[in-house]
Structure formats: C-alpha cells, structure tokens
Amino acid sequence: MIHSMARHNTSKPPSDSWEAQLRKGSLEMAILASLWKSNHYGLEILHALDGRSSLALAEGTLYLILNRLKNDGFVESKWVDAGTGHPRKYYWLTEEGRERLRAMVRFWIQFSADLNVLLEPVIARKERVNAAR
Amino acid sequence: MPPDDVTNAVDEYCNRLWKALHKLPGSERDEIVREVRGHILERLDAEPKVTEQVLTEILRAVGDPKELASEYKGYAVLRQATHSRSPWVLLRAMLRWAATSVVGVMAFLATVIGYGCGTVFFLSAFLKPMFPSRIGLWLAPQHTLCFGYWNGQLSGTVLYGISVRPPAFVLGTLGPTDGPVRELLGAWLSPVGVLCGVLCFLGTSLVARSLIKRFSQNEKWAASFSYAKSSASPSLQSLR
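Heads up: the sequence lines are chains A and B, in that order.
First residue of the first sequence? That's 1 in the working numbering, and the numbers climb one at a time after it.
First residue of the second sequence? That's 134 in the working numbering, and the numbers climb one at a time after it.
By construction, these hints were calculated from the structure, which means they are not laboratory data.
Cβ atoms here follow ideal geometry from the backbone N, Cα and C, with glycine treated the same way.
Please note: incorrect hints may appear among the correct ones.
Just so you have them, the derived chain B footprint on chain A, three or more residues with Cβ under 8 angstroms [stated by the list, open to error]:
{"hint": "1", "segment": "58-67"}
{"hint": "2", "segment": "76-88"}
Derived lysine-lysine pairs resembling BS3-like cross-links, with alpha carbons at most 27 angstroms apart [as the list claims (entries may be wrong)]:
{"hint": "3", "chain 1": "B", "residue 1": "K156", "chain 2": "A", "residue 2": "K78"}
{"hint": "4", "chain 1": "B", "residue 1": "K199", "chain 2": "A", "residue 2": "K89"}
{"hint": "5", "chain 1": "A", "residue 1": "K37", "chain 2": "A", "residue 2": "K89"}
{"hint": "6", "chain 1": "B", "residue 1": "K156", "chain 2": "B", "residue 2": "K199"}
{"hint": "7", "chain 1": "A", "residue 1": "K89", "chain 2": "A", "residue 2": "K24"}
{"hint": "8", "chain 1": "B", "residue 1": "K199", "chain 2": "B", "residue 2": "K152"}
{"hint": "9", "chain 1": "B", "residue 1": "K346", "chain 2": "A", "residue 2": "K70"}
{"hint": "10", "chain 1": "A", "residue 1": "K70", "chain 2": "A", "residue 2": "K89"}
{"hint": "11", "chain 1": "A", "residue 1": "K89", "chain 2": "A", "residue 2": "K78"}
{"hint": "12", "chain 1": "A", "residue 1": "K78", "chain 2": "B", "residue 2": "K206"}
{"hint": "13", "chain 1": "B", "residue 1": "K152", "chain 2": "A", "residue 2": "K78"}
{"hint": "14", "chain 1": "A", "residue 1": "K70", "chain 2": "A", "residue 2": "K24"}
{"hint": "15", "chain 1": "B", "residue 1": "K156", "chain 2": "A", "residue 2": "K70"}
{"hint": "16", "chain 1": "A", "residue 1": "K70", "chain 2": "B", "residue 2": "K199"}
{"hint": "17", "chain 1": "B", "residue 1": "K346", "chain 2": "B", "residue 2": "K206"}
{"hint": "18", "chain 1": "B", "residue 1": "K346", "chain 2": "A", "residue 2": "K24"}
{"hint": "19", "chain 1": "B", "residue 1": "K206", "chain 2": "A", "residue 2": "K24"}
{"hint": "20", "chain 1": "A", "residue 1": "K37", "chain 2": "A", "residue 2": "K24"}
{"hint": "21", "chain 1": "B", "residue 1": "K156", "chain 2": "B", "residue 2": "K206"}
{"hint": "22", "chain 1": "A", "residue 1": "K70", "chain 2": "B", "residue 2": "K206"}
{"hint": "23", "chain 1": "A", "residue 1": "K24", "chain 2": "B", "residue 2": "K199"}
{"hint": "24", "chain 1": "B", "residue 1": "K152", "chain 2": "B", "residue 2": "K206"}
{"hint": "25", "chain 1": "B", "residue 1": "K182", "chain 2": "A", "residue 2": "K89"}
{"hint": "26", "chain 1": "B", "residue 1": "K152", "chain 2": "A", "residue 2": "K89"}
{"hint": "27", "chain 1": "A", "residue 1": "K70", "chain 2": "A", "residue 2": "K37"}
{"hint": "28", "chain 1": "B", "residue 1": "K152", "chain 2": "A", "residue 2": "K70"}
{"hint": "29", "chain 1": "A", "residue 1": "K78", "chain 2": "A", "residue 2": "K37"}
{"hint": "30", "chain 1": "B", "residue 1": "K156", "chain 2": "B", "residue 2": "K346"}
{"hint": "31", "chain 1": "A", "residue 1": "K89", "chain 2": "B", "residue 2": "K156"}
{"hint": "32", "chain 1": "A", "residue 1": "K89", "chain 2": "B", "residue 2": "K206"}
Please build the complete structure, drawing on both the sequences and the hints.
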C-alpha cells in the first residue's frame, strides 16, 4: 500500500498552489514589461499576457494590479478618447517604473541562471529518457 | 442579442460592482467602475456577434463583482494602513491579515495587546482621582506588580489591569493571592498613566505599521491569489 501511495505521489503534477505562487510573483514584472516599448490600455496588456498562457490572469484584477503599480509610482495613466464610443485608459511606465523593471530583470536573470545549474541534471536525465524511447 | 439587453446587462454588472465598492471614496469607485465598464465594452466590440453566452462569458472572465470589490477594498485597507497611525485603521488591516495567515494572527494579537495596555494606562489615569484607594500601581505577594484596579481585600486579593508576576505578563487578571498589597505611585499615577498610554498607542501603531509595510508584499500576493486565472475562466483567445 505504501508503495502504491508513493507511486501515486510521484505521478502527481506539481502543486497548483506552487505554480500559482510562482505566477503571482512574476506577474508584476510581466505587466511592467508589457509596457516597456509603448503605452497600452488594459485589454492590450491582457492580450500581451494571455498569449503566454502561464501568465494569464483574471481580467478584472488586472486593473487592481495596475492601480497598485500606479500608487507605487511605477506607472502613470490617462483617459484617451479613442473614437470607439468609449474612452480608453492608457498606461505607461514612469522613470521609477523603468528602474524597478530593470532591477527585477537583473534579479530574474541571476535567479534563473542559478536555478538552471541546479536543474541541469534533472533536465539531462529527462532528455536521456526521451532519447531512449 | 438586442443591443438594449446588452447595455442593461453591462449596467447591471457595473451597478453591482459600484454597490459592492461602498467603502471606497466616491471618486475612486467611479474610476474603478468606469475602467471595468470600458473593458467590458472593448471586449464586446471585439466580438463579431454578441450572444447571451458570449456576454455571460465576458462578465464571468472579468470576475464576480463582489469578489472583485473585495480585492479592491482589501488593497485600500492595506494602503491606508501603511500611511496611518489610527488604531482603528491599523486594527482593521491587521484583522484582514489575520484572516489569511498565522503570522497575521500573531501580529493582530500583539496589536490588540499593545492597544489594550494603552487603554488600561489611560483608564487608570482617568479613574485614579475618582477611586484613589482602588486604582494604582500595586505591589502584591509573589512579586506581583499590577497597574490597574485592586479589589481592596487582603485575603483573596484580585488585581485587574496590566499584571506582571515573573515570568507571567497578563493583560486582565491573575489568580487571587493573600497578603499585603502596597501602592507605589500615589498621585503620580495619573501623569505616569497618560505618558505610558501615549507611548503604548504610538509604539503599537509604529510597530503595526512597519509590520504591515514589511509583510504587505507577501500579503498583496496573498490577496491577489485570484490574479492567477482559474482553469474555469475562459481565455481571451477562446472568445476571439
């Protein structure tokens, strides 16, 4: 029975909670990054994130995160009449936001490089198993 | 779906959101609802044909108005708390925190004890002139030191207030003791009580605020658990 439980556990996918935490931790960086090149309104930011399914988020709460980023001084916003019958609220990065994003990216690169070194044996083993099939 | 029905459904959703945001300032509520309404209308514009199912899916993807409002209100409480010294505001933020983690529960209890001590100091300072023989800083048997009320009996002595009987610290009362009880401060109790009360309230507010600031990064993520799209929510692509 213990054996079957162990087998069951090893076949389980990674915890949803762990994945959610990882996504949440990266979301602020992803939203700031989506504004790096140009100003966008909410739906455009969602499209940029939704194209990468692991970064998809509940739509209503995007505006809460943008609101928070604005209060923290990382983004600014302005209502613009886009000629669609209803105005759009455009967001852009402030200088502080750009600096914050640069710092996040620097940390992210170092963090993922360190993690990749640790994961290398796991990835290499998986590749060997795939090659043997 | 007739355009009027679509407009009515969007209006109803926005009204529910506006009502659910009732604790936020009016201008902030209007801004949030305006932005969410704009988002829904953008999504509808992108649809070649708006059916009831499409509309329902869009509204579901935006989120339940009550849950969405709760996230906004949670963030508002947190934001207010990081800039406030008001015990009421800080306790509300702590209570929200306590509902999400063990650390939050401990921080909330510490804050309640801090403000509780401050209240005892102020009450004692206020009541001392009225009950000079009952309110004081009492030295009782077993090295008990208590700032507060003494029941006036040498047998079955009970003290209420801030009590220290090494190694115990109690906000409330310790078990009854027998023996001599001595008052240490006399008329000085009122000014000392006011001073200690002010220090307790300011110190507790300062510590509570710095704890909220320090842990708010994590709490933001905790509050934003629903940021991660659940698998039940339709993706934008599925609606394109």
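Hint check:
no.	hint	result
1	58-67	holds (count 8)
2	76-88	holds (count 5)
3	K156(B) <-> K78(A)	holds (25 angstroms)
4	K199(B) <-> K89(A)	holds (23 angstroms)
5	K37(A) <-> K89(A)	holds (17 angstroms)
6	K156(B) <-> K199(B)	holds (12 angstroms)
7	K89(A) <-> K24(A)	holds (24 angstroms)
8	K199(B) <-> K152(B)	holds (9 angstroms)
9	K346(B) <-> K70(A)	holds (17 angstroms)
10	K70(A) <-> K89(A)	holds (13 angstroms)
11	K89(A) <-> K78(A)	holds (5 angstroms)
12	K78(A) <-> K206(B)	holds (23 angstroms)
13	K152(B) <-> K78(A)	holds (25 angstroms)
14	K70(A) <-> K24(A)	holds (18 angstroms)
15	K156(B) <-> K70(A)	holds (20 angstroms)
16	K70(A) <-> K199(B)	holds (23 angstroms)
17	K346(B) <-> K206(B)	holds (17 angstroms)
18	K346(B) <-> K24(A)	holds (19 angstroms)
19	K206(B) <-> K24(A)	holds (19 angstroms)
20	K37(A) <-> K24(A)	holds (22 angstroms)
21	K156(B) <-> K206(B)	holds (7 angstroms)
22	K70(A) <-> K206(B)	holds (16 angstroms)
23	K24(A) <-> K199(B)	holds (21 angstroms)
24	K152(B) <-> K206(B)	holds (12 angstroms)
25	K182(B) <-> K89(A)	holds (25 angstroms)
26	K152(B) <-> K89(A)	holds (22 angstroms)
27	K70(A) <-> K37(A)	holds (18 angstroms)
28	K152(B) <-> K70(A)	holds (24 angstroms)
29	K78(A) <-> K37(A)	holds (17 angstroms)
30	K156(B) <-> K346(B)	holds (22 angstroms)
31	K89(A) <-> K156(B)	holds (24 angstroms)
32	K89(A) <-> K206(B)	holds (21 angstroms)
The structure meets every hint from the earlier list without exception.
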